[in-house]
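Novice: Line order of the protein sequences matches chains A and S.
Following the working numbering, the numbering of the first sequence begins with 1 at its first residue and continues without gaps.
Following the working numbering, the numbering of the second sequence begins with 1 at its first residue and continues without gaps.
Treat the hints with care, since some could be wrong.
If several chains are the same, the list does not tell them apart, and a pair holds so long as it fits within one copy or across any two.
[Claimed, not checked] When the alpha-carbon atoms are kept at most 30 Å apart in a straight line, the in silico DSSO-like pairs for lysine-lysine are as follows:
# : residue 1 : residue 2
1 : K259      : K275
2 : K242      : K259
3 : K23       : K158
4 : K264      : K81
5 : K62       : K81
6 : K105      : K264
7 : K260      : K241
8 : K62       : K29
Read the hints as simulated data drawn from the structure, not as lab findings.
As the structure is a computational prediction, the values presented were derived from the model and not from experiment.
There are 2 protein chains.
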Amino acid sequence: MLLNQITIVGVGLIGGSLGLALKKKKVVKSVVGYGRRRGALHKAVSINAIDRYCLTLPKAVKDADLVLLSTPLGSFEPLCKMMAPHLKEGAIVTDAGSVKGDLVKSLSALLPSYVHFVGGHPIAGLEKSGVMSATGVLYQGCRTILTPSPQTDPDALKTVRALWESVGASVSEMDPYDHDRILSFVSHLPHVVAYALMESLMHPIVASLNPVAFSAGGLRDFTRIAASSPEMWRDIFLANKKAVVNSIDVYQETMASIKKKIIKNDAEGLIEIFKRANSIREQVAK
Amino acid sequence: MLLNQITIVGVGLIGGSLGLALKKKKVVKSVVGYGRRRGALHKAVSINAIDRYCLTLPKAVKDADLVLLSTPLGSFEPLCKMMAPHLKEGAIVTDAGSVKGDLVKSLSALLPSYVHFVGGHPIAGLEKSGVMSATGVLYQGCRTILTPSPQTDPDALKTVRALWESVGASVSEMDPYDHDRILSFVSHLPHVVAYALMESLMHPIVASLNPVAFSAGGLRDFTRIAASSPEMWRDIFLANKKAVVNSIDVYQETMASIKKKIIKNDAEGLIEIFKRANSIREQVAK
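For reference, chain A alone in the conformation it holds in the complex (with noise of 0.2 Å):
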């Protein structure tokens, strides 16, 4: 057994199944879930996702050798002032959040200094939400990286990778900024372009055309990535602002680069651009 107890703060997709799969590799004694909706984590429980839940945070976390923070990134904040009180000595916090750099700083801030935090972000599935989609084999194979700071305590960076290890996922360490600066362009600035895109079609000049009755293929990809949670990409863009406003202004230089080569009839250049983005999907598409 790697841990005790471990106290996973926000039981959906996310939660539910490092849940589901600690239980099945026997990582943990006990995985006790919290919550707001009754109903949720009474699922979680049917599904094996967790031994138990509590309705009161500090009953959740008192015991725990472990905190695993998997509710929105809007909520990290209040739910750690909530919970620091009440959290043992030597008690690890961790989170599954999609941004890290100043996050982990004001989380890491928040917790008693006998409290280690350790920021983390499993890269997986984001189109599907709630436990009911949770999967004990989410995590195999699965990116997970952690941001350790200079303060990071070495022993509790060893056992949140050791507990991403036992349930299959690869681990990496990197400098936090460097995570939002990655992700801002891997996963945050697709999902602005694709809003951007849904957006325009709704423009004056196309909209009275009705142009999505004449969509095709490459529009209903676009759609699959516009269709995540609105509440949590917002928490994301504004949480990684610096970084998505970066990506942005890359992006859109790129792409008034491109426009001036239509312009210009710069057909060789457009070419170029072209097989380059192919390239990239030879090293993704695997």
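Take the given structure of chain A and dock chain S to it, following the hints.
Specialist: Relative to the frame of chain A, chain S by itself:
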């Protein structure tokens, strides 16, 4: 039988699939293929997409009641010039190109007055290519747009409509420029957007962090779009330059307005946009 002979110029995915379906439904007595590569034409005969083939254009079209152009857009003008003197009186020329507008005008002008041109565009599969991807059911339930002008011969228009309907397509008619405006938003813009995203990943501020190694589902969908044929998209963007540039302008404005909302912490404004995107998803995803 709707027609005695149809000649398919360019027997790839689009032309080959039409041939397969026409022969299966016995709509046309004889399907002749024209192309430059004997190997591909031989394959087309072997899968029953065409009855026979010619490697010289005059021979291929001289007895045709209807000629379908299903080569890349950039070749339409030279092909029309070459075939013009060899077409018989009353022959119909139609195309399967993704751009209409000016192209429809210039192709009509290249043909003799006793030949009828009807612009067409089956909105079907663009990720695969080649006759070996052809299928007799590609046009079943597929939307095909015809773009008659006031000069278009009504009987020729009826014949082309009947041809597409005979293979299961649902046919709409619209102004060639409306077609280009709609397609620029629902097909061409999504491809520009995907190419620009791939290109952005190579920007110095992120490339050295090897972002592609950390790509999540969001990016993967884009790479599928960006994997389409560079030559085909170059032709489309240049042939539909005006509408594509307009759609890029609308898109850049929309993106700038989302960026502004992120900078201003306009959480409600973001949620509104994201919810509208979800509602488009529901219209498209059927």
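Novice: How would you label the pair K259, K275 (within, between, both, or neither) given a Cα cut-off of 30 Å?
Specialist: For K259 and K275, the Cα distance is within 30 Å both inside one copy (17 Å) and across copies (29 Å).
Novice: Evaluate K62 and K81 at a C-alpha cut-off of 30 Å and name the case that applies: within, between, both or neither.
Specialist: within (14 Å within a copy, 82 Å between copies)
Novice: Measure nothing new, just compare the shortest in-copy and cross-copy C-alpha distances for K23 and K158 to 30 Å and report within, between, both or neither.
Specialist: Intra 20 Å, inter 66 Å, cutoff 30 Å: intra-copy only.
Novice: State whether the alpha carbon distance between K264 and K81 is at most 30 Å within one copy, between copies, both, or neither.
Specialist: between (57 Å within a copy, 26 Å between copies)
Novice: Can you tell me if K260 and K241 fall within 30 Å by alpha carbon in one copy, between copies, both or neither?
Specialist: both (28 Å within a copy, 11 Å between copies)
Novice: My question is about K62 and K29: at a cut-off of 30 Å on alpha-carbon distance, are they close within one copy, between copies, both, or neither?
Specialist: within (16 Å within a copy, 82 Å between copies)
Novice: Cα distance capped at 30 Å. Does K105 pair with K264 within a copy, between copies, both, or neither?
Specialist: between (48 Å within a copy, 22 Å between copies)
Novice: Should K242 paired with K259 be assigned to within, between, both, or neither, using CA atoms and 30 Å as the limit?
Specialist: Intra 26 Å, inter 11 Å, cutoff 30 Å: intra and inter.
The structure is consistent with each of the numbered hints, conforming to all of them.
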